[in-house]
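S.K.: In order, the protein sequences belong to chains A and B. The working numbering numbers the first residue of the first sequence as 1 and each following residue consecutively. The working numbering numbers the first residue of the second sequence as 1 and each following residue consecutively.
Honestly, the hints are just simulated from the structure, not real lab data. Glycine included, each C-beta is placed from N, C-alpha and C at the ideal position. Among the hints, a few may not be true.
[Said to hold, decoys possible] Restricting the straight-line Cα-Cα distance to at most 25 Å, the calculated cross-link-like pairs of lysine to any residue (SDA-like) are: (1) B/Lys67 x A/His71; (2) B/Lys29 x A/Thr6; (3) A/Lys65 x B/Arg52; (4) A/Lys15 x B/Lys60; (5) A/Lys66 x B/Leu44; (6) A/Lys149 x A/Lys114; (7) B/Lys67 x A/Tyr62.
[Stated by the list, open to error] Quick partial rundown of chain B residues pointing at chain A, CB under 8 Å, derived from the structure: (8) Ser66; (9) Leu72; (10) Leu75.
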Amino acid sequence: MNKFVTLSLYQTYNKVNFYTFQFEGDTLTETEKFFTKFEEEERFSEDLNNMAVWLSIIGQRYSAKKEFFRHEGAASALPPPNSKMIKEVIVNDLRLYCLRISDKVVILANGGIKSSQTVQGSPDLMPHFRFVNVMSKQVDEFIKDGTFKVEGKNILELDKIEFIY
Amino acid sequence: MNSTKSNLSINMNAFERILARTPETTKRKVEKNLAIANRIIEILRGQGKTQRDLARAMGKSESEISKWLTGLHNLELQTIYKIEAVLGEDIIEVKESKVKVLS
């Protein structure tokens, strides 16, 4: 059954606003699920620390330059602009998916552990890749029809944006 | 002190708790790595060069260069010197010591 997905502000910094997705009825946002899932895992402690500090520094100091983000290879099969919007933050085996809208606006999603050469072969990752893929298409449609508007580092009229997954 | 600490963390989300627990050394490492990556990006943009140009000049794959530019990669000093030589610009500068030498 399809569920509604909304957007909310996750972290705000001088140069970047990081937004996140939230499923209707869920208490945690998708990005909060990601960080909560690995927060207490000793083997990912350093990787997670690196990732959080990295996000905070680009937010405070540098902006979300496209070069800072890795391109998800599996997204290459998609047509632009979706293929260009889908990015991943990689620290060793950890992947956090996101949609980079501009230098000032990034929507963080969820992620997991890449356990094989491909996303398709990584069961912890594949559902989250599929999710950002669907979301990127809807963001693109909403940009085209004017529902999704960005001004500076803000997504305007957040409450009017509702995705379906 | 401990209760203040735990009260603070109650209001934090997981991301903020992770940031708060991160050791100073890790923060400095990521800060420096990002500064280096940002400097390379700015030099490339300033020279009108692409990642592909840098990859060719360094004899590396584009994927390797894109990994370097994320600021999440620990570049070896030797590699940084090579990038400086290829781009013809300084990437890192070391502060000069202010200690006076007694004669």
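S.K.: None of the hints should be skipped; say for each whether it holds.
M.R.: Hints versus structure:
1. B/Lys67 x A/His71: Holds. B/Lys67 to A/His71 sits at ~10 Å (cutoff 25 Å).
2. B/Lys29 x A/Thr6: violated, 35 Å
3. A/Lys65 x B/Arg52: holds, 17 Å
4. A/Lys15 x B/Lys60: Violated - the C-alpha atoms of B/Lys60 and A/Lys15 are around 32 Å apart, more than 25 Å.
5. A/Lys66 x B/Leu44: holds, 13 Å
6. A/Lys149 x A/Lys114: violated, 33 Å
7. B/Lys67 x A/Tyr62: Judged against 25 Å, a Cα distance of about 17 Å means the pair holds.
8. Ser66: holds, 6 Å
9. Leu72: holds, 6 Å
10. Leu75: violated, 14 Å
In this structure, the hints that do not hold are numbers 2, 4, 6, 10, in rising order.
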